[in-house]
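Number of protein chains: 2
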Amino acid sequence: MTYYRTHNLGELRASNIGETVTLSGWVDTKRDLGGLTFIDLRDREGKTQIVFHTDVAEVSVVERAQKLKNESVIKVVGVVKERQSKNANIPTGDIEVFVTDLEVLNNCDVLPFQISGDENLSENIRLKYRYLDLRRSQMTRNLKMRHKMIMSIRNYMDEKGFLDVDTPILTKSTPEGARDFLVPSRINPGDFYALPQSPQLFKQLLMISGVEKYFQIAKCFRDEDLRADRQPEFTQLDIEMSFIEQKDIMNEIEGLAKRVFKNVTGESADYEFPRMPYAEAMERFGSDKPDTRFGVELKDLTDIMATCGFKGFKSAVEAGGIVKAVVAPGVAEQFSRKILTEYEDYAKTYFGAKGMAWIKLTEEGVNSPIAKFFTEEEMNAIIARTEAKVGDVIMIVADRAKVVYGALGAVRLKLGKELGLINNDEFKFLWVVDFPMFEYDEEEQRYKAQHHPFTSIKAEDMQLFLDGEMDEVRTNSYDLVLNGSEIGGGSIRIFNPEIQSKVFEKLGLSKEEAQEKFGFFVDAFKYGAPPHGGLAFGIDRWLMVMLKEQSIRDVIPFPKTNKGQCLMTEAPSKVDDKQLEELYLDSTYNSEIV
Amino acid sequence: MTYYRTHNLGELRASNIGETVTLSGWVDTKRDLGGLTFIDLRDREGKTQIVFHTDVAEVSVVERAQKLKNESVIKVVGVVKERQSKNANIPTGDIEVFVTDLEVLNNCDVLPFQISGDENLSENIRLKYRYLDLRRSQMTRNLKMRHKMIMSIRNYMDEKGFLDVDTPILTKSTPEGARDFLVPSRINPGDFYALPQSPQLFKQLLMISGVEKYFQIAKCFRDEDLRADRQPEFTQLDIEMSFIEQKDIMNEIEGLAKRVFKNVTGESADYEFPRMPYAEAMERFGSDKPDTRFGVELKDLTDIMATCGFKGFKSAVEAGGIVKAVVAPGVAEQFSRKILTEYEDYAKTYFGAKGMAWIKLTEEGVNSPIAKFFTEEEMNAIIARTEAKVGDVIMIVADRAKVVYGALGAVRLKLGKELGLINNDEFKFLWVVDFPMFEYDEEEQRYKAQHHPFTSIKAEDMQLFLDGEMDEVRTNSYDLVLNGSEIGGGSIRIFNPEIQSKVFEKLGLSKEEAQEKFGFFVDAFKYGAPPHGGLAFGIDRWLMVMLKEQSIRDVIPFPKTNKGQCLMTEAPSKVDDKQLEELYLDSTYNSEIV
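Chains as they are written, first to last, in full-length UniProt numbering: chain X, 1 to 594; chain V, 1 to 594.
Bound conformation, chain X alone (with noise of 0.2 Å):
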């Protein structure tokens, strides 16, 4: 088809025996046997064996084949045959190319490390190397189901009138939200754009507008303390829509879920997805994205411990907290207490506990430090509530509710790994909804916007709105889960000013605070904004959790890492005076002296 190549190399089959062909591609592997040399040529669509033999070939071209290194770029003439020895491995292995003619278009140089080698690769190396990398098969697959994911996106969009719309990524800091990225203005001195954390405000601008089904993948930007699974820089599907009420959205985004899951994971999810009220899913499972892939669900044994004898737990539901068990099933005999105490410091080091008490049931009775404490109609009681069974091991937390969901979500997918409690051939998506409007920050000693202030609240929670009952009001709201990852989340916006003015006001803002806070985009709502709603998804992690790759960085075409950096380009770097000068700025670091 051109002067490279007839085929491509996953095309060549036995029906093709004969013909003279054109090939290109990479040199995979290549071994001597009995004066044949053999090469498995590469591109992007497969592997096919190529066979040099001065029978065919001249003896030039031979010896040069001899000395191909290993990824070298190669393009050969020759003529399609049977093979001998066939592979049913691969769809080409039933025929070989016998080489009359090789040009070789660039030789390799000594690799930093083999391609079809050692997957137990430094992530460093890969990552300077990153166009090594990608070369390798789990890496090229990546890529390649990440286009599909998203041409399956785009196209499900595009068919339900969804219209694409892109946002500027030079613009202007946020008043709420996580720490900005800022860019110098160099005509504008003194002044800085800041990258969008969200297009958030411009889509709810275009409902404003009269777009009425608004999409768009969008690049976002988040300066924060980074963590081993987060990107300063990441790629969001953003959604809005108008005229709509939670019910109709959900039902939207339900259809592209499944599209986009069939897409990529060639399976079906032919089900209606659950929906979970946010309380419900706390209580369960002490998580807002529960994983329910498997049991191992939280017990409530408040009631009981409110009279019981033990003071630990009696004064912790005295002071307004819960009291919260789960049970690790079969594991009685295997949970040495040197792994339970791994549990608990499991639950008091990253999330607060302050202890975990445990119960075994063994053949021969109860068996823990804390049985003393309880009269043996109590411990009955703990036993029927948490449905344990002989054999099992019942975890409890005491303390404020936050803590025991924090503790206990945590033990509980920490048992279900590894006990081996989670089918990893399964997925199982779920809506969480109902989330509260407003959390305490215990730090600054008043109440925030959960999700944001723009958020609507439940038509059967406005008295309670109104009346100030600030930790009962839900929203409407709702995020997709999918194997405890919340993959994309949202909410049906407040499109009244006065609701928007009272919320303002319970969050303790002004009048002329918001204003000076939310400026145009509050001003925006005075010129007719329809009823809308709309929602993100997380198109990195989604993806992530389809393909069951352990890191983002998998699955993101040039990652950084998690200082941020890019290990390929050496981004971020130094640069001149010149361009600091044009900007009118100083850096005021030193790093001799931090």
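It is worth saying that the hints were derived from the structure and are not from the lab.
Keep in mind that the hints are not guaranteed to be accurate.
Which copy is meant is left open, because identical chains are indistinguishable; a pair holds if it fits in one copy or across any two.
Straight-line distance between alpha carbons at most 20 Å, and here's what the computed PhoX-like set of lysine-lysine pairs gives [unchecked claim]:
no.	residue 1	residue 2
1	LYS144	LYS160
2	LYS75	LYS526
3	LYS574	LYS517
4	LYS517	LYS578
5	LYS160	LYS148
6	LYS414	LYS402
7	LYS75	LYS247
8	LYS517	LYS128
9	LYS247	LYS258
10	LYS69	LYS526
11	LYS30	LYS160
12	LYS75	LYS511
13	LYS128	LYS526
14	LYS563	LYS128
15	LYS526	LYS67
16	LYS458	LYS502
Given chain X, work out where chain V should sit, using these hints.
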């Protein structure tokens, strides 16, 4: 279908008469007439006339309707009836809806401008209230067409096996090209990311990765001194392919251009796009992006002037310059001396011409201030060469070739527009190929790469290159031109490290300097780079030309002014000192001084 609507507002037809429907949208226009209130209700899909009358609705409903302000958002329930005075101009013109129930979803304040009104709005007002500007039908169309364009691009590229791979926005400052936007890194103090001017290096690296066919609709950034039709942030369709030659990629891309053109304009471009060498484009049209919708081609008079009696022209030729002419058809009467001076000033002011001579051919004979310098023979030669007829004006410029082409190319375009020689309903595609590899930078007194130093040299010019004939060396390069606008361009790249070294050498870069400047990118070519090439389209300009818009800002959802400002969000803006402190930066700008 939802609480808010059973139908959209472009949907109802005579076949719906008698149905009870729910509609939502914006009050586009309202008029009271003989006890009836008529409203044109508008949504994204169209307009539907709704009618309020006390025969059908309660008095309170009619009274509320009468008070509605334009652009308020309402929901109505009503019955579809046949319209008495049908409106053939809109698809819903056969019916109207008699409203029984009205819900005012949101009132509209006093508007800064009428949506369905004045077309001569100040652009600053439009940009400040962009969310209202986008409600205007022209802008709604532009948003829809932008969506349609990018969807058809993506689907075409997907069909052809290209992978959409996203490359970083936070990346590294590039050694050549325009000025970068910088982003200070907080976690790596003293270091800066740069926003990409294009994904050029990444896309070539992806070829080295074996992606083979890559595309991306990418945001790109250039911190230029802004011109009217430039944006600091723009959208680029970026493409790269491996194992291809120039003709292969041009064929693939020509198919893309035809598909996009058809989808956006509804018209077909069913012809093979002409392919014109750069040298020919310059000689005939004085432009590397000629508008071929009209003639008025440049005619060469150099040989005639070399021996003529007019010293001005003769000495220009002797100094190595050229003399060229264009013929303004049929304007000998119409073009006064004043108009001709305007044209001359235009050529002088913007294109550095030292002057422009003219010759009118009238019924009475030749009329020209320079006629006296020529013999009759010479004058006849000029007329014969230019093919000028009685009634025409010959316009002549003599100078260095660059100046002559610049001036006469521009004069030609000005004539085309002002004399109505261009058929504005016509679209003409053209490939311009074989651009020069080098151009001489008179300021820096050295040769530079015209495109970039990775552009490959035409095989037949390789000897010229090796011989150092810098001005003669042409590249495997191609620009796609539509109606005189360059909408895309690219080249086949150098993939052979030795030739690359030679190019650096000719550009005056030592091996060490090249390594320092292009570092990891040049290294990557050691590990098996395939032959490859690509191109990039400017989405914004391409769409602007197809939609016949005059400003690039009308096809960008949220554009910036030519001072790089977003009038809606007021970006860029001041930031807190604390934000700068965290970045170890001091602003040295004092607005009172500057």
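Structure-based check of each hint:
For a Cα distance limit of 20 Å, the shortest separation of LYS144 from LYS160 across copies, 14 Å, qualifies, whereas the shortest one inside one copy, 24 Å, does not. In the homo-oligomer, the alpha carbons of LYS75 and LYS526 lie at most 20 Å apart only across protomers (17 Å), although the nearest pairing inside one protomer, at 66 Å, exceeds that limit. In this homomeric assembly, LYS574 and LYS517 come within 20 Å of each other (Cα to Cα) only across copies, at 14 Å, whereas the closest approach inside a single copy is 34 Å. For a Cα distance limit of 20 Å, the shortest separation of LYS517 from LYS578 across copies, 17 Å, qualifies, whereas the shortest one inside one copy, 35 Å, does not.
Proximity of LYS160 and LYS148 under a CA criterion of 20 Å is satisfied in both settings, with 18 Å inside one chain copy and 13 Å between copies. In this assembly of identical chains, LYS414 and LYS402 lie within 20 Å of each other by CA distance solely inside one copy; the values are 18 Å within and 72 Å between copies. Taking the closest pair of Cα atoms, LYS75 and LYS247 come within 20 Å of each other only across two copies (19 Å); inside a single copy the shortest separation is 57 Å, beyond that limit. Taking the shortest Cα distances, LYS517 and LYS128 sit within 20 Å of each other only across copies (18 Å), while inside one copy they are farther apart (42 Å).
For the identical chains of this complex, LYS247 and LYS258 are intra-copy neighbours only, at 16 Å inside a copy versus 41 Å across copies, given an alpha-carbon limit of 20 Å. Proximity of LYS69 and LYS526 under a CA criterion of 20 Å is satisfied inter-copy only: 12 Å between copies versus 69 Å inside one chain copy. In the homo-oligomer, the alpha carbons of LYS30 and LYS160 never lie at most 20 Å apart, since the shortest distance is 50 Å inside one protomer and 31 Å across protomers. With identical chains, the CA atoms of LYS75 and LYS511 are never at most 20 Å apart, being 71 Å at best within one copy and 29 Å at best between copies.
Taking CA atoms no more than 20 Å apart as the test, LYS128 paired with LYS526 passes between copies only; the shortest distance there is 15 Å, against 52 Å inside one copy. Taking the shortest alpha-carbon separations for LYS563 and LYS128, only the intra-copy value of 14 Å comes in at or below 20 Å, while the best inter-copy value is 38 Å. Proximity of LYS526 and LYS67 under a CA criterion of 20 Å is satisfied inter-copy only: 16 Å between copies versus 75 Å inside one chain copy. Taking CA atoms no more than 20 Å apart as the test, LYS458 paired with LYS502 passes inside one copy only; the shortest distance there is 15 Å, against 70 Å between copies.
When each numbered hint is compared with the structure, violations occur for hints 11, 12.
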